[in-house]
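Student: Under the working numbering, think of the first position of the sequence shown as 1, with each following residue one higher.
Calculated directly from the structure, the hints in this document are not laboratory data.
Every residue, glycine too, gets a C-beta built ideally from N, C-alpha and C.
Hints are supplied without guarantee of correctness; some may be wrong.
Said to hold, decoys possible - Result set (DSBU-like, lysine-lysine): computed pairs, CA atoms no more than 30 Å apart in a straight line:
{"#": "1", "residue 1": "K170", "residue 2": "K317"}
{"#": "2", "residue 1": "K135", "residue 2": "K241"}
{"#": "3", "residue 1": "K135", "residue 2": "K170"}
{"#": "4", "residue 1": "K224", "residue 2": "K241"}
{"#": "5", "residue 1": "K349", "residue 2": "K224"}
{"#": "6", "residue 1": "K241", "residue 2": "K317"}
{"#": "7", "residue 1": "K230", "residue 2": "K183"}
{"#": "8", "residue 1": "K183", "residue 2": "K224"}
{"#": "9", "residue 1": "K170", "residue 2": "K230"}
{"#": "10", "residue 1": "K224", "residue 2": "K170"}
{"#": "11", "residue 1": "K349", "residue 2": "K317"}
{"#": "12", "residue 1": "K230", "residue 2": "K135"}
{"#": "13", "residue 1": "K135", "residue 2": "K250"}
{"#": "14", "residue 1": "K241", "residue 2": "K230"}
{"#": "15", "residue 1": "K250", "residue 2": "K317"}
{"#": "16", "residue 1": "K135", "residue 2": "K183"}
{"#": "17", "residue 1": "K183", "residue 2": "K250"}
{"#": "18", "residue 1": "K170", "residue 2": "K183"}
{"#": "19", "residue 1": "K170", "residue 2": "K250"}
To be verified - Computed Cβ-Cβ distance ranges for the label pairs, DEER-style:
{"#": "20", "residue 1": "L354", "residue 2": "I308", "range": "46 to 52 Å"}
{"#": "21", "residue 1": "A202", "residue 2": "L354", "range": "33 to 39 Å"}
{"#": "22", "residue 1": "K170", "residue 2": "K250", "range": "21 to 27 Å"}
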Amino acid sequence: MSNSMTERFSARAAALRPLVCIGALVFANACSHAPPPAPAAPSARVEAPTPPPPPAYTGPTTTQLVFLGTTDTHGRILPFDYYTRQPVEYGLARLKPLIDSVRAANRGRSYLFDSGDIIQGNPLGYVYARVLPEKPNPIIRAMNLMHYSASAVGNHEYNYGLEHLARAMKQASFPFVSANTFKYGTNEHAYAPYVLIPHVVAPGDTILIGVTGNTPPGVMVWDKVNVEGKLQFRDVTESLKPVVAEMRAKGADIVVVLSHGGLEGSSYDTLTTGVPPENQSARVAREVPGVDIIFLGHTHLELADTTINGVLITQAKNWARSVAVATFALERTARNNWHVASKHAVLLKARPELVDSAF
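With these hints in hand, go ahead and build the complete structure from the sequences.
Tutor: Here it is, written out as C-alpha cells:
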C-alpha cells in the first residue's frame, strides 16, 4: 500500500472512532433499560383426588356374648359311677344338652371354657393313663366334641407326669392357658399365658376376647416329684398383672380369667413352704386392672354370681354337676372398639332326664 493510501485510511478510521463509541454507549444504555425477561409460566399443579368418605357403619352398635364355664370335671364324662357301677345324675353327657340349648339360643356368640382338673379323678382317667396311654385321650376327645374354646391347667393335671399332660395338650383342639407357670429358672412361660379370640360382629368390626388362666402354686408341694427342677408356679396375682395388661394393650375388649383357685386362703403353710397361696381370685379382682370375669375352680364349691371391685365371679359345681353361664351386654364405641355395658351369671344344673346319647 502506498503512503498516500495509508494516510487516507488512517484519517477515515480516526473520523469514524467517535461514532463507534457513541453507538456502543447507546446500545449499552438501551440494554440497561430493557424490561426484565418475563417469568416462566408456572407448571400446572395436579390436585390429589379427595378420597371418598368411608362407608357408613351398617353393623349393630350393641350385642351380647355368652360365656359358659365348667370346672373340676375329673374325668366325669359319662353319667356312670365306676365304683358303684350305677348311673349318676351328672357328667358332661348330662351337661351337653344344656350347653347345646344355650348355644342354640345364642348362635355364633357363645364360648365354652374350663377352669381345670380335667384328666384325673376317676377310674376312667386312671386306666387310660396307666394302661392305654398310647390311645387317644377319652376326656380330651369329649371336650373336643363339645368345642371348648380354652382351659386352665389344674393341679391334678400333673398327677400322671409331664409327659402325660403334654400328650393331652397336643390332642386338644383348644388351648391350655396358665399365666403363672414358668420353665424352671427362667422367665419363659411353660404354656401359653393367654389367647386372644376374635369375635366378628360385622365385616371389619371385631370384639377381641382375651383369655388367661392360673394354676395353684401348690403343685410344687403336691406334685413335687413330677415338677421339681422343671417348672415353677409363681404368685398368681403378680403373674396375671403383666399378662392382663398385655392383652389390653393388644386390643382385648373383654378379659376372662380361668382360675383354678378359689377366692382366698390356702390349704398349705405358705411360710414354711415358701410357696404362694393357692386361692387368690379375690385379690386378683381387687389388684389386677382390666379383668372382667373370673371363672373359679379348684375348691369344688358353687357360686352363681358375685362381684368384687366390678369383676364378675362365678363357679360351676365339680364333676360336671352344673355349668356357669355369664351374659355380657356390649356397646360399640368405635370400629373394633367395644365396652362392657352390663354382665351377670347364672348356674344351670345337670338334669337327670337329659343325656346326650350320641356323645
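Student: Decide, hint by hint, whether the structure agrees.
Tutor: Against the structure, the hints come out as follows:
1. In summary, the hint linking K170 to K317 is supported, as the alpha carbons are separated by about 27 Å, within the 30 Å threshold.
2. With a C-alpha separation of about 39 Å, the suggested pair K135 and K241 falls outside the 30 Å cut-off, and the hint is violated.
3. Taking the CA atoms of K135 and K170, the gap is about 13 Å. The hint holds against a cut of 30 Å.
4. Proposed proximity of K224 and K241 is supported: the alpha carbons are some 26 Å apart, at most 30 Å.
5. For the hint pairing K349 with K224, the CA-to-CA distance comes to about 36 Å; that exceeds 30 Å, so the pair is violated.
6. Taking the CA atoms of K241 and K317, the gap is near 27 Å; set against the 30 Å cutoff, the hint holds.
7. Taken as a hint, the K230 and K183 pair is honoured in the structure, with Cα atoms around 6 Å apart against an allowance of 30 Å.
8. Distance check on the hinted pair: K183 and K224 sit about 14 Å apart at the alpha-carbon level, within 30 Å; holds.
9. Between K170 and K230 the CA atoms are separated by roughly 19 Å; this keeps the pair inside 30 Å, and the hint holds.
10. For the hint pairing K224 with K170, the CA-to-CA distance comes to about 23 Å; that is within 30 Å, so the pair holds.
11. A distance of roughly 9 Å separates the Cα atoms of K349 and K317; the hinted pair therefore holds under the 30 Å criterion.
12. Proximity of K230 to K135 is assessed by CA-CA distance (about 26 Å); at most 30 Å being required, the pair is judged to hold.
13. Distance hint between K135 and K250 is unfulfilled; the C-alpha atoms sit about 39 Å from each other, more than 30 Å.
14. Of the pairs offered as hints, the one joining K241 and K230 holds, with about 24 Å between alpha carbons and a cut-off of 30 Å not exceeded.
15. Straight-line distance between C-alpha atoms of K250 and K317 comes to about 33 Å, which puts the hinted pair past the 30 Å bound.
16. At most 30 Å may separate the alpha-carbon atoms for a hinted pair to count; K135 and K183 meet this at roughly 28 Å.
17. Distance restraint check for K183 and K250: the Cα-Cα separation of roughly 24 Å lies within the 30 Å cut-off, and the hinted pair is therefore satisfied.
18. Proximity of K170 to K183 is assessed by CA-CA distance (about 18 Å); at most 30 Å being required, the pair is judged to hold.
19. Between K170 and K250, the direct Cα distance comes to roughly 26 Å. Compliance with the 30 Å bound is thereby established for this hinted pair.
20. A C-beta distance of roughly 33 Å is found between L354 and I308, which places it outside the suggested range of 46 to 52 Å.
21. Checked against the hint of 33 to 39 Å, the C-beta distance between A202 and L354 comes to roughly 35 Å, which is consistent with it.
22. For K170 paired with K250, a C-beta distance near 26 Å keeps the hint of 21 to 27 Å intact.
In summary, the numbered hints that this structure violates are 2, 5, 13, 15, 20.
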